[in-house]
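*Asks:* Sequence:
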Amino acid sequence: MNQVHYIGWGEPLLHTRFRDLVDIAYESFPTTIQMATTTGNVDFRTSVGDGRFDYIVMSCDGTKPESYERYRKGGNFDVAMKFAADAKTYGHRDLRIEWKYILFDFNDSDEEILHAQRMADHAGVDKLLFILTNSKWKSERFTGHNAASFPLISPVATITPAAAMSAFVAEGSLSGVQTGAHGYIDRIGVSSGQFLLVEGWALGPGDTYADKIQLWIDGHLQSQTLPNLPRQDVAAARPGAAGPHCGFQFNIPSPAGRLPDSIEVRVISREHTSSIGGDLSWLKVGSMLNVRKDLRVAVLDSA
7 MNQVHYIGWG
17 EPLLHTRFRD
27 LVDIAYESFP
37 TTIQMATTTG
47 NVDFRTSVGD
57 GRFDYIVMSC
67 DGTKPESYER
77 YRKGGNFDVA
87 MKFAADAKTY
97 GHRDLRIEWK
107 YILFDFNDSD
117 EEILHAQRMA
127 DHAGVDKLLF
137 ILTNSKWKSE
147 RFTGHNAASF
157 PLISPVATIT
167 PAAAMSAFVA
177 EGSLSGVQTG
187 AHGYIDRIGV
197 SSGQFLLVEG
207 WALGPGDTYA
217 DKIQLWIDGH
227 LQSQTLPNLP
237 RQDVAAARPG
247 AAGPHCGFQF
257 NIPSPAGRLP
267 DSIEVRVISR
277 EHTSSIGGDL
287 SWLKVGSMLN
297 VRKDLRVAVL
307 DSA
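Per the working numbering, the sequence shown starts with residue 7, numbered consecutively.
Watch out, some of these pointers could steer you wrong.
Okay, derived cross-link-like pairs now, BS3-like style, lysine-lysine, Cα gap no bigger than 30 Å in a straight line [stated by the list, open to error]:
hint, residue 1, residue 2
1, 79, 290
2, 106, 144
3, 79, 144
Read the hints as simulated data drawn from the structure, not as lab findings. Remember, it's a predicted structure, so these values are computed and weren't measured experimentally.
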């Protein structure tokens, strides 16, 4: 078993024996990645505590009670933020926290967006994900067309489309064979929401954790992130690795609405930089390009 994800059909952390479930899973499958999606409206120390847990996605849409409670009915913003802070203070040393913030028309002001990033940095969360949605109350200020202008100030913050807007319309492949000894790009694609996805894994010299990962597109720096997503498959294949948290994912607005000719991922560690990537070729996926005529990535028709 590679992964256990506690999600859906209510709040998983409210189960009175949640910690027992975590311990049983770890004792039965020690290398399994365990993660949960939660509102964070529980006490961290009595639900998860210092158990061997890998990843928590905390859904918290807003930075003040009046905006947060518009969508999270019955939720308590202060309890959610205390959950995040306690997770970093009392959780297992390998625990990673992702804050998921869905953008609605009542929580998408620059004031709240910037405040959320400052709060994330202060709490020490590992990733802050602003989600573009096409559901009720969706943000009209930010869409796939202008996501490149989204005010990002934190190194852990990024903006990405919701799952319904993430289906690939084009899939990229690197020419030649990837030969990087300490990393690999697993997947490249452009979604119907006009976002470019690049994901894979990377380690520094001696299989240590890298300090940061940069994405270069056609010779220009586009984004950077921390390589902290769980990749148990890499840890299993490389016993000397620092640990499983070496995965990375870039999900950025498709630059200039076109398909890039090349991609380079630079792996930066103290006094050392390596890179993986190369020239790209593209393949249309399904028939969406013929249906979605509004997509700027329809330049694929001439490829």
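*Asks:* A separate judgement is required for each hint: does it hold in the structure or not?
*Replies:* These are the hints, each one checked on the structure:
Only pairs whose Cα atoms come within 30 Å are accepted, and residue 79 paired with residue 290 is rejected, the gap being roughly 41 Å. Restraint check for residue 106 and residue 144: satisfied, since their Cα atoms lie roughly 15 Å apart, inside the 30 Å limit. For a cut-off of 30 Å, the pair hint linking residue 79 to residue 144 stands: about 17 Å separates their Cα positions.
Comparing the model with each numbered hint stated earlier shows that hint 1 is the single one that does not hold.
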